[in-house]
Amino acid sequence: MEYNVGTYDVAVVGAGHAGCEAALATSRMGLKTVVFAINLDSIALMACNPSIGGPGKGNMVREIDALGGQMAINVDKSLIQMRMLNTKKGPAVRALRAQLDKRAYSGNMKYTLESQENLDI
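Counting the sequence shown from 1 gives a position; my numbering is that position plus 26.
To be clear, the hints were calculated from the coordinates, so they are not data collected in a lab.
Where a beta carbon is used, it is the ideal one built from N, C-alpha and C, also for glycine.
Take every hint as true, because none was put in to throw you off.
Pairwise CB distance ranges, derived in the manner of DEER restraints:
#1 31 with 116: 47 to 57 Å
#2 56 with 119: 36 to 46 Å
#3 66 with 122: 28 to 38 Å
#4 105 with 67: 16 to 26 Å
#5 54 with 114: 37 to 47 Å
#6 57 with 109: 33 to 43 Å
#7 55 with 116: 35 to 45 Å
#8 141 with 119: 32 to 42 Å
#9 56 with 147: 16 to 26 Å
#10 54 with 113: 34 to 44 Å
#11 112 with 66: 36 to 46 Å
Let's have the full structure, built from the sequences with the hints guiding it.
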């Protein structure tokens with residue numbers, strides 16, 4: 027029995043947040059991309075506290091969004107609550123944090139990957 031693995035320009039190992047963004051970026055550039063995940067139900071799986079944003083990660087999410095990434099789009103689709111943190115402190119330390127439906131976030135990212143041209147999972 028012969029198995030044809032195909033030919034790809036890019037192989038991404040892992041389908042966490044960074045792996046999904048990397049796979050989407052390369053496939054949107056027209057490169058034939060494959061992404062490997064141990065379990066297809068764990069694509070973009072969030073931790074026990076499903077939040078995105080805050081003082082540290084918020085800047086990174088805005089940078090990913092400015093570069094055409096998918097994370098902020100999926101946040102909007104699976105949002106439960108948005109909150110401004112550190113409101114009693116100065117403007118330099120205030121930050122938005124989004125609480126998400128972790129199953130919806132993972133499902134939306136999986137659907138995005140499956141729908142993307144030039145991308146195989």
